[in-house]
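Chain by chain, the residues:
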Amino acid sequence: MLSWVCGRCRAGHSPSRGHTRVPPIDMNKPSQASVRTPQQNIRSFCIIAHIDHGKSTLADRLMEATGLLGERDKTAQYLDRMDIERERGITIKAQAVRMRYDYDGETYELNLIDTPGHVDFGYEVSRSLSACEGALLVVDAAQGVEAQTLANVYMALDADLEIIPVINKIDLPGAEIDRVKEEIEEMVGLDASSAILCSAKTGVGIPDVLEAIVALIPAPKGNVEAPLKALITDSWWDAYKGVISIIRVFEGSIRAREKVRFLATDKTYEVLDVGAYAPEATSLPEIAAGHVGYLICNVKEVADSKVGDTIAIASDETAEALPGFQEVQPMVFAGVFTSDNGDYPVLRDALTKLSLNDASLTWEPESSSALGFGFRLGFLGLLHMEIIQERLEREYNLDIITTAPSVKYRVFYKDGTDEIIDNPAKMPDPGGFDYIEEPMILSRIQVPEEFLGAIMKLCQERRGIQTDLKYMTSTRTQVTYELPLAEVVFGFYDQLKSISRGYASLDYDVAEYRRADLVRLDLLVNGERVDALSLITHRQNAFNRGRDLCVKMKEEIPQQQFEVAIQAAIGSKIVARTNVKALRKNVLAKCYGGDISRKRKLIEKQKRGKRRLKAVGNVEIPQGAFHAILKID
Amino acid sequence: MEGLYVHVPFCARACPYCNFDFEVGRNPDVSGFLAGLKREVQLRRECELLPQSFQTVYIGGGTPSLLGAAGLARLCDWISAMFPGSGAVEWTVEINPEHATPALFASLRAHGVSRVSLGVQTLHPHGLVELGRVHSVLQARNAIAEAAKAGLRVSADLILGYRGQLQAALGDDIDALTQSGATHLSIYALTVEPETPWVKLVRRGMREMPDEECQAALLRHAHDYLESQGFTHYEVASYGAGDHRARHNQLYWTWCNYTGIGPSAHSATYENGVVTRRGNTRGLAAWLREPLAQVERLAGEDAAREGLWLGLRQLDGIDVARFLTTFAQVDRAWLERVTRRQVDIGNLAWCVERSVLKVAKGRWLWHDTIAEDVLAGEVAG
Ligand SMILES: Nc1nc2c(ncn2[C@@H]2O[C@H](COP(=O)(O)OP(=O)(O)OP(=O)(O)O)[C@@H](O)[C@H]2O)c(=O)[nH]1
Ligand code: SF4
Ligand SMILES: [Mg+2]
Chain U
5 MLSWVCGRCR
15 AGHSPSRGHT
25 RVPPIDMNKP
35 SQASVRTPQQ
45 NIRSFCIIAH
55 IDHGKSTLAD
65 RLMEATGLLG
75 ERDKTAQYLD
85 RMDIERERGI
95 TIKAQAVRMR
105 YDYDGETYEL
115 NLIDTPGHVD
125 FGYEVSRSLS
135 ACEGALLVVD
145 AAQGVEAQTL
155 ANVYMALDAD
165 LEIIPVINKI
175 DLPGAEIDRV
185 KEEIEEMVGL
195 DASSAILCSA
205 KTGVGIPDVL
215 EAIVALIPAP
225 KGNVEAPLKA
235 LITDSWWDAY
245 KGVISIIRVF
255 EGSIRAREKV
265 RFLATDKTYE
275 VLDVGAYAPE
285 ATSLPEIAAG
295 HVGYLICNVK
305 EVADSKVGDT
315 IAIASDETAE
325 ALPGFQEVQP
335 MVFAGVFTSD
345 NGDYPVLRDA
355 LTKLSLNDAS
365 LTWEPESSSA
375 LGFGFRLGFL
385 GLLHMEIIQE
395 RLEREYNLDI
405 ITTAPSVKYR
415 VFYKDGTDEI
425 IDNPAKMPDP
435 GGFDYIEEPM
445 ILSRIQVPEE
455 FLGAIMKLCQ
465 ERRGIQTDLK
475 YMTSTRTQVT
485 YELPLAEVVF
495 GFYDQLKSIS
505 RGYASLDYDV
515 AEYRRADLVR
525 LDLLVNGERV
535 DALSLITHRQ
545 NAFNRGRDLC
555 VKMKEEIPQQ
565 QFEVAIQAAI
575 GSKIVARTNV
585 KALRKNVLAK
595 CYGGDISRKR
605 KLIEKQKRGK
615 RRLKAVGNVE
625 IPQGAFHAIL
635 KID
Chain Z
5 MEGLYVHVPF
15 CARACPYCNF
25 DFEVGRNPDV
35 SGFLAGLKRE
45 VQLRRECELL
55 PQSFQTVYIG
65 GGTPSLLGAA
75 GLARLCDWIS
85 AMFPGSGAVE
95 WTVEINPEHA
105 TPALFASLRA
115 HGVSRVSLGV
125 QTLHPHGLVE
135 LGRVHSVLQA
145 RNAIAEAAKA
155 GLRVSADLIL
165 GYRGQLQAAL
175 GDDIDALTQS
185 GATHLSIYAL
195 TVEPETPWVK
205 LVRRGMREMP
215 DEECQAALLR
225 HAHDYLESQG
235 FTHYEVASYG
245 AGDHRARHNQ
255 LYWTWCNYTG
265 IGPSAHSATY
275 ENGVVTRRGN
285 TRGLAAWLRE
295 PLAQVERLAG
305 EDAAREGLWL
315 GLRQLDGIDV
325 ARFLTTFAQV
335 DRAWLERVTR
345 RQVDIGNLAW
355 CVERSVLKVA
365 KGRWLWHDTI
375 AEDVLAGEVA
385 G
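These protein sequence lines are chains U and Z, in that order. The opening residue of the first sequence carries number 5 in my numbering; numbering runs sequentially from there. The opening residue of the second sequence carries number 5 in my numbering; numbering runs sequentially from there.
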């Protein structure tokens, strides 16, 4: 879960920054929160789809149609409030809004949750689903059903939601409504005859979407008299109020000054305030079953108010948790170091602040002989990693070096003990352990038939084991592979896309740990191991990896006064080598009176350019070299 | 010791690798130039203290010999009149071989000049063409001999590493220079400055960028050969026979004051560890309008770092005690910290019971690497 939304403006900036340029929602009307909607007039739903199929744009249209967004709020993808989301045009963080919709003489309260499409943030989707009774399944009329479409449908079905298929982007010249309907029926197994056709761009079909929501999605049914049961769907840290959580009350009701218990952490708190965002925070006397609102207790850290946790009355000792709670686990790990060692405290502060609002980000101190002191960070996936890197650089003005991503290995020793290792540098030498297990994923890849061969070859090269192959339609196939997560972490997704010219889509679930013949490959520079460049690879790939890494390093390491030997080794065995020739001279011609200032400045400038070099023994290695490892595949 | 540098901003033609400040033309306006110098000296006497006299004088350029014997005589007389008694320790004039005549040397001698620096550059006809020089090999050798005969001490410049230069011939070139009477050599690798015609010529395929490896071999060879011939490699680019040193140039590396007049000339004063550097306006016309351009002041560690770098140009090193008196803002511990890395990797060495710090034997070829650390390196705890 990624929750770094500002508690005051609900915009996605970190606590260290000001409020973003996104205008607040214009509400010239009296606060909607004060209107207590009867349960049968509430509809809670989320919008799910494959990445880029138009969820956030559809949310814009719905908000406009219900008057929540005025003419002057017209920024595209209004709910993508973080700078990063806006720049990349993707949703990272699920966002909830409440809308008022008048239909057939009745006033309905619509709780909409826009979800991210990227697989890294799948957990955002799953916990959004549990707060809803229905889901709008958006399918791009030109792209059709893709891997995340399916993955999200299965999640929605598991959560027992009413699913409304919405075929979006019908304005596109490439729209193939009939084909997409067929795909929805054949691949997803939903009745597509009543699928709503719309364009979130032009606004066509939007009233139909709203009507369908009211007509098809069931109202919540919780018993207001029963003991309290509420689900945390989001929480973030607010500089003024501490941790604020969004909750969906399923049974009973919750009020200020009550004592409540968070079941996962088994901690008890006093409720300080409850209310609703409509869209400004408005205190309410209570939040009753079926409703969504905010909760403020004296919780100190976001990590104590876990998304997916259940809240009960403290005295209710037999309370059972709502199903589906799952701790998010980081999957990918990398060392993060500052270029300038003096920036270490800034990095520590930055991580403290980032993790206040992003409970899925883990970090602990790490030290490297090449890079000095830094932190080992755990991420949900590569996109999450990229985003955190970017935020550290941009919001905290840090110049950082990130080492190659790794996964968590389980190392079993001969004495029967075992250990989890997420840092290749810490992996014991061959012979120093009994065996290693690595995490697997179960990936479903959807691809047009014509690219199937190439994709299968790619998966085989990545040590994949095919477990299933089926035709979803006459031309679209889905292959299922068990793949080592580590193989997917290095450029797999990019290759998948380029091999299939963008047509393949991927979804995966985390699977078991499996034994594999893995070795630690070290890179030595003039005989010294560069710990930050060690990597773990399958023995059969070690030679090629070693050779490629040596070649890349040769390109990165500038000539020095001495010849630099570059070697790749497994334990004490050298598997590849090359060298960088010595620089034969580095001396300015003459230096007389008139040249002094100019030459001094020239030398200083040269040195500044090199200051970021990291010394390993006598060899100076530029920062870029630490990314060389990412450039091989 | 204080020195005077006079920049003569005229050249007959532009050499393709050069970015000095000069005007191209065969008939320089000597009177106008002298008037400009006079005005500059007056201006500077009003706003700063100029010494009454200088121990060393250096007339450089540009091409001072383009002024001719008469023009140079006027310039020398003017200097002696402005700064009486100057040049007692050394008075050098840069002479292009094509301008050398016995009469010129005799006249220079008569006007107080004690040393000439000859822009020989190479003793190979194709090298002269490559470098765009107009003199001949014979002119160069004769120039040295004539100057020596006139009783002048002779320094010659040699450029290494142009296309087609042969290492095997280098020893013969050096022999030719020393046998003709040169007792001082400035030897440096061809460096191509950005924004010089050379860069364009390379693009048109008419020149090549110098090859570092080949230059390194040539520099090393020249070094070995000269040392075997009894020359002392006393500064990165300077070799002297016996006790011949470029006394004026040494001021630059030993934290001494010097005054530069003429377009683009630089001056420096050291006072209580603070270095003040003044740069004159570039370009004759601009300088005539307004001679003084920028002033730069270095203090504290920055001044000390610069002093260290310059001091280390001299290969017998810096006298630590003198360094610490000149730059009293730093102490021995600082000096050790700033130089530790270079000492560790063997580029610098302490000697004479750590009273002298110098570039280690054979490491002068990496003087810039040393300079980078000394000038801008991080200071280890
Ligand atoms: N032509 C057309 N383009 C649309 C329509 N709906 C969305 N788009 C465009 O499709 C792109 C993706 O839209 P988003 O709303 O950001 O998609 P999303 O599903 O929220 O994407 P993620 O949150 O990253 O998964 C944007 O460039 C939209 O402008 C539509 O109906 N017609
Ligand atoms: S090298 Fe000397 S002669 Fe040639 S242009 Fe430069 S200043 Fe003039
Ligand atoms: Mg979106």
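Among the hints, erroneous ones may be present.
Label-pair distances were calculated between CB atoms; the ranges are [said to hold, decoys possible]: (1) Z/Val347 to U/Asp433: 48 to 58 Å; (2) Z/Glu294 to U/Arg612: 58 to 68 Å; (3) Z/Gln333 to U/Gly621: 26 to 36 Å; (4) Z/Ala110 to U/Glu567: 50 to 60 Å; (5) Z/Arg207 to U/Pro432: 33 to 43 Å; (6) Z/Val206 to U/Val514: 22 to 32 Å.
The list that follows gives simulated cross-link-like pairs (lysine to aspartate or glutamate, EDC-like), each with its CA atoms no further than 20 Å apart [claimed, not checked]: (7) U/Lys585 to Z/Asp161; (8) U/Lys585 to Z/Glu199; (9) U/Lys611 to Z/Asp176; (10) U/Lys611 to Z/Glu197; (11) U/Lys225 to U/Asp56; (12) U/Lys412 to U/Glu399; (13) U/Lys614 to Z/Asp320; (14) Z/Lys365 to U/Glu567; (15) U/Lys603 to Z/Glu294; (16) U/Lys605 to Z/Glu305; (17) U/Lys605 to Z/Glu217; (18) U/Lys609 to Z/Glu305; (19) U/Lys603 to Z/Glu50; (20) U/Lys594 to Z/Glu305; (21) U/Lys611 to Z/Asp372; (22) U/Lys603 to Z/Glu305; (23) U/Lys558 to Z/Glu217; (24) U/Lys609 to Z/Asp372; (25) U/Lys594 to Z/Asp215; (26) U/Lys271 to Z/Asp161; (27) U/Lys585 to U/Asp552; (28) U/Lys585 to Z/Asp320; (29) U/Lys605 to Z/Glu197; (30) U/Lys577 to U/Asp552; (31) U/Lys605 to Z/Glu199; (32) U/Lys594 to Z/Asp335; (33) U/Lys412 to U/Glu394; (34) U/Lys594 to Z/Glu199.
Chain U is faced by these chain Z residues, among others (derived, beta-carbon under 8 Å) [said to hold, decoys possible]: (35) Glu199; (36) His270; (37) Thr273; (38) Tyr274; (39) Leu314; (40) Leu379.
Think of the hints as simulated: they come from the structure by calculation, not from any bench. Bear in mind that the values here come from a model prediction, so they are computed numbers and not experimental data. Virtual Cβ for every residue (Gly too), placed ideally from N, Cα, C.
Verification of the supplied hints:
Remark: the range hint 48 to 58 Å for Z/Val347 to U/Asp433 is contradicted by a beta-carbon distance near 35 Å. Roughly 32 Å separates the CB atoms of Z/Glu294 and U/Arg612, a value that falls outside the hinted 58 to 68 Å. In this structure, Z/Gln333 and U/Gly621 meet the distance hint of 26 to 36 Å, their C-beta atoms being roughly 33 Å apart. Against the hinted window of 50 to 60 Å, the Cβ-Cβ separation of Z/Ala110 and U/Glu567 comes to about 55 Å, which satisfies the hint.
Evaluation of the 33 to 43 Å hint for Z/Arg207 and U/Pro432 yields a failure: the beta carbon distance comes to about 56 Å. Checking the proposed 22 to 32 Å range against Z/Val206 and U/Val514 shows it is violated: the Cβ atoms sit about 58 Å from each other. Only pairs whose Cα atoms come within 20 Å are accepted, and U/Lys585 paired with Z/Asp161 is rejected, the gap being roughly 31 Å. This hinted pair does not check out: U/Lys585 and Z/Glu199 have alpha carbons roughly 30 Å apart, beyond 20 Å.
As the CA atoms of U/Lys611 and Z/Asp176 are separated by approximately 38 Å, the hinted pair breaks the 20 Å bound. Simply put, U/Lys611 and Z/Glu197 have alpha-carbon atoms about 19 Å apart, close enough for the 20 Å limit, and the pair holds. With a CA separation close to 33 Å, the supplied pair U/Lys225 and U/Asp56 exceeds the 20 Å bound. The straight-line distance between the Cα atoms of U/Lys412 and U/Glu399 is roughly 29 Å, outside the 20 Å bound, and the hint therefore fails.
Simply put, U/Lys614 and Z/Asp320 have alpha-carbon atoms about 29 Å apart, too far for the 20 Å limit, and the pair is violated. Taking the CA atoms of Z/Lys365 and U/Glu567, the gap is near 19 Å; set against the 20 Å cutoff, the hint holds. Distance hint between U/Lys603 and Z/Glu294 is unfulfilled; the C-alpha atoms sit about 25 Å from each other, more than 20 Å. At roughly 15 Å between alpha-carbon atoms, U/Lys605 and Z/Glu305 fall within 20 Å of each other, so this suggested pair holds.
Between U/Lys605 and Z/Glu217 the alpha-carbon distance is near 25 Å, which puts this suggested pair outside the 20 Å criterion. For the proposed pair U/Lys609 and Z/Glu305, the alpha carbon gap of about 17 Å is at most 20 Å, so the pair holds. Using a Cα cut-off of 20 Å, the hinted pair U/Lys603 and Z/Glu50 is violated, with the two alpha carbons roughly 30 Å apart. Note on U/Lys594 and Z/Glu305: the hinted pairing is violated, with a Cα-Cα distance of about 24 Å set against a maximum of 20 Å.
For a cut-off of 20 Å, the pair hint linking U/Lys611 to Z/Asp372 stands: about 10 Å separates their Cα positions. Proximity of U/Lys603 to Z/Glu305 is assessed by CA-CA distance (about 18 Å); at most 20 Å being required, the pair is judged to hold. For the proposed pair U/Lys558 and Z/Glu217, the alpha carbon gap of about 19 Å is at most 20 Å, so the pair holds. A distance of roughly 12 Å separates the Cα atoms of U/Lys609 and Z/Asp372; the hinted pair therefore holds under the 20 Å criterion.
Restraint check: the Cα-Cα separation between U/Lys594 and Z/Asp215 comes to about 18 Å, which is no more than 20 Å; the hinted pair holds. A threshold of 20 Å between alpha carbons decides the hint, and for U/Lys271 with Z/Asp161 the separation of about 84 Å lies outside it, so the pair is violated. For the given pair, U/Lys585 sits about 18 Å from U/Asp552 by alpha-carbon distance, which is consistent with the 20 Å threshold. Distance restraint check for U/Lys585 and Z/Asp320: the Cα-Cα separation of roughly 30 Å exceeds the 20 Å cut-off, and the hinted pair is therefore not satisfied.
A hinted pair counts as satisfied when its Cα atoms are at most 20 Å apart, and U/Lys605 with Z/Glu197 qualifies at roughly 15 Å. Only pairs whose Cα atoms come within 20 Å are accepted, and U/Lys577 paired with U/Asp552 is accepted, the gap being roughly 17 Å. Of the pairs offered as hints, the one joining U/Lys605 and Z/Glu199 holds, with about 17 Å between alpha carbons and a cut-off of 20 Å not exceeded. A C-alpha spacing of about 29 Å is found between U/Lys594 and Z/Asp335, which places the hinted pair above 20 Å, so the restraint is violated.
Annotation: proposed proximity of U/Lys412 to U/Glu394 is violated, straight-line Cα distance about 23 Å (limit 20 Å). With a C-alpha separation of about 18 Å, the suggested pair U/Lys594 and Z/Glu199 falls inside the 20 Å cut-off, and the hint holds. This hint is violated: Z/Glu199 has a C-beta 13 Å from the nearest C-beta of chain U, more than the 8 Å allowed. For Z/His270, the interface hint holds, since its Cβ comes within 8 Å of a Cβ in chain U; the closest pair sits about 4 Å apart.
Evaluation of the Z/Thr273 hint against chain U yields a violated restraint, the C-beta minimum of about 12 Å exceeding 8 Å. For Z/Tyr274, the suggested interface contact is broken, since its CB lies about 12 Å from the closest CB of chain U, more than 8 Å. Among the interface hints, the one on Z/Leu314 holds; its C-beta lies about 7 Å from the nearest C-beta in chain U, closer than the 8 Å criterion. Below 8 Å, beta-carbon pairs count as interface contacts, and Z/Leu379 has one with chain U at about 5 Å; its hint therefore holds.
Hints 1, 2, 5, 6, 7, 8, 9, 11, 12, 13, 15, 17, 19, 20, 26, 28, 32, 33, 35, 37 and 38, counting from the list given before, are not met by this structure.
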